[in-house]
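*Asks:* Sequence:
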Amino acid sequence: MFARLPGWARQHLAALRILLVFTVVVGLAYPLAILAVAQLPGLHHRADGSFVHGADGRRLGSSLIGQSFTDANGNPLPRYFQSRPSAAGDGYDPTSTSASNLGPEDVVDTFDDPATRDTDESRQSLLTQVCARSMAVGTLDGVDGRRPYCTASGVGAVLAVYHAGPGYDGRVTRVVSVDELCPARPFLATYAGVPVRCRTLTDDIAAGRRVLIRGDAPAHPAVPADAVTASASGLDPQISTAYADLQVSRVARVRGLPVGQVAALVRDHTTGRSLGFLGEPAVNVLGLNRALDALTPARR
1 MFARLPGWAR QHLAALRILL VFTVVVGLAY PLAILAVAQL PGLHHRADGS
51 FVHGADGRRL GSSLIGQSFT DANGNPLPRY FQSRPSAAGD GYDPTSTSAS
101 NLGPEDVVDT FDDPATRDTD ESRQSLLTQV CARSMAVGTL DGVDGRRPYC
151 TASGVGAVLA VYHAGPGYDG RVTRVVSVDE LCPARPFLAT YAGVPVRCRT
201 LTDDIAAGRR VLIRGDAPAH PAVPADAVTA SASGLDPQIS TAYADLQVSR
251 VARVRGLPVG QVAALVRDHT TGRSLGFLGE PAVNVLGLNR ALDALTPARR
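Residue numbers (UniProt numbering): 1 to 300.
Everything labelled a hint here was simulated from the structure, so no lab data went into it.
Take these hints with a grain of salt, some might be off.
Pairwise CB distance ranges, derived in the manner of DEER restraints [as the list claims (entries may be wrong)]:
| no. | residue 1 | residue 2 | range |
| --- | --- | --- | --- |
| 1 | VAL254 | THR202 | 43 to 51 Å |
| 2 | ALA99 | VAL254 | 30 to 38 Å |
| 3 | THR296 | VAL37 | 26 to 34 Å |
Glycine included, each C-beta is placed from N, C-alpha and C at the ideal position.
All chains should be modelled from the sequences, with the hints used to inform the complete structure.
*Replies:* Shown next, in the form of structure tokens:
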């Protein structure tokens with residue numbers, strides 16, 4: 001019967017048969033086979049998301065996905081170890097896993113809406129985000145939160161320097177602190193003998209020569225890098241051992257536990273380098289905080 005059909009019709013029927021076959025094989029048989037393999041002993045827990053449950057059976061999260069330990073206003077809960085920042089959605093959202101796409105040259109804040117500048121990180125440069133996070137961690141854990149190229153108020157120490165001549169030639173005529181919006185007091189009084197003023201929304205920052213001021217911050221900041229930067233996925237469940245060690249004293253004090261006992265828990269929840277040489281040792285924050293709650297349950 002098909003032999004009597006025109007050539008174009010036979011070609012379309014052949015294509016339809018191929019589509020149906022591949023739909024069954026790739027769209028049904030293959031996914032079901034993978035699902036069956038995932039249910040084998042030893043793989044079932046990982047395939048289902050490595051969920052972690054509390055003593056009451058309530059799901060607390062996944063050991064493979066980080067989460068925030070903050071109150072309703074986003075403030076860190078002092079009794080818990082804090083995770084690294086996340087740029088995935090509102091934080092650790094597996095449906096919005098992504099990086100911030102900000103790079104080392106991103107040092108100028110956006111002031112389209114000054115009212116949300118301090119709460120909306122999308123308006124902040126990467127430099128200001130790092131500065132603000134470092135100051136916050138320093139305050140929380142009682143260490144020096146200063147970093148190079150950051151102001152004492154926790155924004156980028158960046159100047160726009162304007163010259164009299166064309167381009168960047170001639171004497172300096174005006175200097176603006178680009179990440180300090182008026183009426184803030186500039187972090188630097190003068191530059192090249194010219195008074196520094198805060199930025200207004202009408203300033204053409206691009207017309208000035210960009211100058212970063214290092215300041216007197218230590219060469220090796222007390223706050224580790226993973227405490228102030230988000231990962232590429234935004235889902236990292238671990239923190240560095242340096243960031244965990246920084247938080248030991250605070251957690252021990254708030255929970256009324258010996259520092260040595262909390263430090264031992266950190267070691268118990270530290271995983272080594274993959275294959276013995278890849279990556280760095282890391283601490284699973286959810287597992288560590290669960291162990292702490294087992295010793296001193298959370299209370300209001």
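*Asks:* Is 26 to 34 Å respected by the C-beta to C-beta distance linking THR296 and VAL37?
*Replies:* violated (41 Å)
*Asks:* Lying within 43 to 51 Å: is that true of the beta-carbon distance VAL254 to THR202?
*Replies:* holds (46 Å)
*Asks:* Given a hint of 30 to 38 Å, does the C-beta separation of ALA99 and VAL254 actually sit inside it?
*Replies:* Once the Cβ atoms are compared, 32 Å apart, the range 30 to 38 Å for VAL254 and ALA99 holds.
Taken one by one, the earlier hints fail for this structure only at number 3.
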